[in-house]
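Participant: Residues per chain are reported as follows:
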Amino acid sequence: RKEVEQDPGPFNVPEGATVAFNCTYSNSASQSFFWYRQDCRKEPKLLMSVYSSGNEDGRFTAQLNKASQYVSLLIRDSQPSDSATYLCAVYTNAGKSTFGDGTTLTEKP
Amino acid sequence: EAGVAQSPRYKIIEKRQSVAFWCNPISGHATLYWYQQILGQGPKLLIQFQNNGVVDDSQLPKDRFSAERLKGVDSTLKIQPAKLEDSAVYLCASSTWGDSYEQYFGPGTRLTVT
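Chains as they are written, first to last, in the working numbering: chain A, 1 to 109; chain B, 1 to 114.
No lab work stands behind these hints, which were simulated from the structure alone. Heads up, some of the hints might be wrong.
What the hints assert, rightly or not - Here are the simulated EDC-like pairs of lysine to aspartate or glutamate, each with C-alpha atoms no more than 20 Å apart in a straight line:
no.	chain 1	residue 1	chain 2	residue 2
1	B	K83	B	D63
2	A	K2	B	D56
3	A	K66	A	E15
4	B	K71	B	D56
5	A	K66	A	D7
6	A	K96	B	E85
7	A	K96	B	D56
8	A	K42	A	D82
9	B	K44	B	D63
10	B	K44	A	E5
11	A	K96	A	E3
12	A	K42	A	E107
13	B	K44	A	D7
14	B	K83	B	E14
15	B	K44	B	E14
16	B	K15	B	D63
17	A	K66	A	E3
18	A	K96	B	E102
19	B	K44	A	E107
20	B	K44	B	E85
21	B	K44	A	D39
22	A	K42	B	D86
23	A	K96	B	E68
24	A	K66	A	E56
25	B	K62	B	E85
26	B	K83	B	E102
27	A	K42	B	D56
28	B	K15	B	E102
29	A	K45	B	E102
30	A	K42	A	E15
31	B	K15	B	D86
32	A	K108	A	E15
33	B	K15	B	E85
34	B	K78	B	D57
35	A	K45	A	D82
36	A	K2	B	D63
37	A	K2	A	E15
Please build the complete structure, drawing on both the sequences and the hints.
Facilitator: Structure (C-alpha cells):
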C-alpha cells in the first residue's frame with residue numbers, strides 16, 4: 001500500500017461544476033499537508049497548504065481529517081484553466097515528504 | 001526573487017553512461033530535495049538535505065546514484081551507470097526548515113536513456 005494515495009481520475013467536469021479530490025495517507029505521524037498543481041510537462045507548483053482548521057483561497061478549499069487520515073481539495077465553479085494534475089504532499093514530523101501520484105482534472109467543453 | 005535553477009533542461013544518454021544534474025535553490029532555503037518523476041506518477045523523493053547534511057536518502061539507489069550539497073547551497077545529482085529505467089524528469093526543490101515545508105520546484109531535467 002502506498003503511503004499517500006489519490007484517485008488518478010481523470011475527473012471530466014463541465015465548466016462551472018464543483019469537484020472534490022481526496023487524498024489518504026497511512027503514516028499517523030504526518031503533520032503537514034499541501035496541495036500542488038502540475039500542468040503537463042511542467043514542474044509542480046504549490047497551490048495551498050492544508051491547516052487543521054481548513055483553508056480557503058478563492059474557489060479552492062482544503063480540509064484535513066486527521067482521525068480518518070485524509071485531506072481533501074474542493075474546487076468550486078471550475079474553469080478550463082483548472083485543468084491539471086493535482087498532487088497531494090504529506091510530511092512527517094521529521095520533515096520527510098511523500099507525494100501522491102496525483103489526480104487529473106479535465107474540463108469538458 | 002529568483003526561483004530554483006536547474007541544468008541541463010534536457011539530456012539524452014546511452015545506457016551505462018554517466019550523467020550529472022545541477023541545482024541551485026532559492027536563497028536562504030536550508031532544505032533541498034531531489035525527486036524522480038516518471039510519467040504518470042508523482043514525484044518520488046530520492047534525497048533530502050538540510051544544509052549540507054542528509055535528512056533522508058532511503059529511496060536513493062546508492063549503487064548508481066549519488067548526490068552532494070557542498071557548502072549547503074547548490075547540489076549535484078549523479079547517475080553512474082545509467083539504466084533504461086532511469087528515464088524520467090529529475091526535479092529539484094527547496095524549502096525553509098521547521099514550521100513550513102512549502103516546497104518550490106525548479107523546471108526539472110528531462111533525462112532519456114537509450
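Participant: Which of the numbered hints are not met once you compare them with the structure shown?
Facilitator: 3, 6, 15, 19, 26, 27, 28, 30, 36 and 37
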